[in-house]
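Take the sequence shown: its letter number 188 is residue 219 in the working numbering, and every next letter is one higher.
What the hints contain is simulated information worked out from the structure, not anything from laboratory work. All of these numbers come straight from a predicted model, not from anything done at the bench. Don't be surprised by glycine CBs; every beta carbon is placed ideally from N, CA and C. Check the hints yourself; a few may be wrong.
To be verified - Pairwise CB distance ranges (calculated):
# : residue 1 : residue 2 : range
1 : Thr232    : Thr131    : 37 to 43 Å
2 : Phe231    : Asp195    : 32 to 38 Å
3 : Pro55     : Glu248    : 36 to 42 Å
4 : Pro82     : Pro55     : 24 to 30 Å
5 : Pro105    : Arg287    : 35 to 41 Å
6 : Ala146    : Ile38     : 29 to 35 Å
7 : Phe231    : Ala104    : 15 to 21 Å
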Amino acid sequence: MPNILEILGEAARLRVEEARKETPLEALREQALALPRGTAAFESALTGTDPTGDTLHFICECKKASPSKGLIAPDFPYLDIAHSYEAAGASAISVLTEPTRFLGSDAYLREIAGAVGIPCLRKDFTVDEYQVYEAKLLGAQAVLLICALLDTATIHRFLGICDDLGISALVEAHDEDEVASALAAGARIVGVNNRNLKDFTVDIGTSLLLREQVPPEIPFVAESGIRTAADVAALRDHGVNAVLVGEQLMRAADKREALRELRGAFA
32 MPNILEILGE AARLRVEEAR KETPLEALRE QALALPRGTA AFESALTGTD PTGDTLHFIC
92 ECKKASPSKG LIAPDFPYLD IAHSYEAAGA SAISVLTEPT RFLGSDAYLR EIAGAVGIPC
152 LRKDFTVDEY QVYEAKLLGA QAVLLICALL DTATIHRFLG ICDDLGISAL VEAHDEDEVA
212 SALAAGARIV GVNNRNLKDF TVDIGTSLLL REQVPPEIPF VAESGIRTAA DVAALRDHGV
272 NAVLVGEQLM RAADKREALR ELRGAFA
């Protein structure tokens with residue numbers, strides 16, 4: 032029986048098939064390459080200190096729903112949310128574009144990327160190079176590449192496309208083998224998802240365990256399950272460069288205050 036990731040990957044393949052009927056890959060590639068080459072702003076945003084002086088960067092997520100939690104934000108003023116994140120000192124914004132289980136939209140990304148001055152990550156299930164070119168055209172400065180969906184050679188090829196476009200890739204792993212695949216592919220940013228995609232349990236210890244497997248010069252992002260200042264402090268103390276936080280912020284009425292609380296001593 033397929034797990035949720037396999038289901039989402041197959042749904043993404045079907046969306047790409049439909050999109051290719053309207054705009055063939057060659058035409059899309061030409062459009063994307065005609066844009067000014069990016070400056071890898073997402074990667075740069077995760078180095079040094081963040082806009083508030085914190086040594087740990089926050090990638091704050093605009094997410095309406097998820098497979099594990101269902102509808103998270105019935106009211107979804109995504110532009111207001113994005114502006115709140117930027118004003119609170121977020122280094123980047125993650126925007127869900129997956130439409131079926133996350134209720135995301137390409138339009139959310141296009142509008143947010145055009146409205147804020149910090150880089151945006153296209154959070155989707157990338158299974159085809161077509162989606163990398165789409166991300167560039169939507170205004171994203173980074174794409175998500177998931178090792179559980181892509182083999183090492185494919186990740187390497189997609190990273191080459193990102194380089195051509197001047198955008199970054201957050202290469203996501205869940206265990207030691209996937210971290211090894213990400214590094215072998217040439218990932219310059221490695222993310223570790225603390226969520227078990229089989230039973231949806233979350234353990235930030237996964238990031239703490241795998242951090243030492245990634246060279247210190249490569250930005251390391253902890254994803255999922257980050258709920259308290261203590262969680263953030265533990266990750267910061269283990270040399271994690273950034274955290275991607277979604278549900279905890281999306282459920283907060285005051286997102287600037289919620290982010291301040293997560294920073295803890297660095298607020």
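Structure-inconsistent hints, enumerated in ascending order: 1, 4, 5
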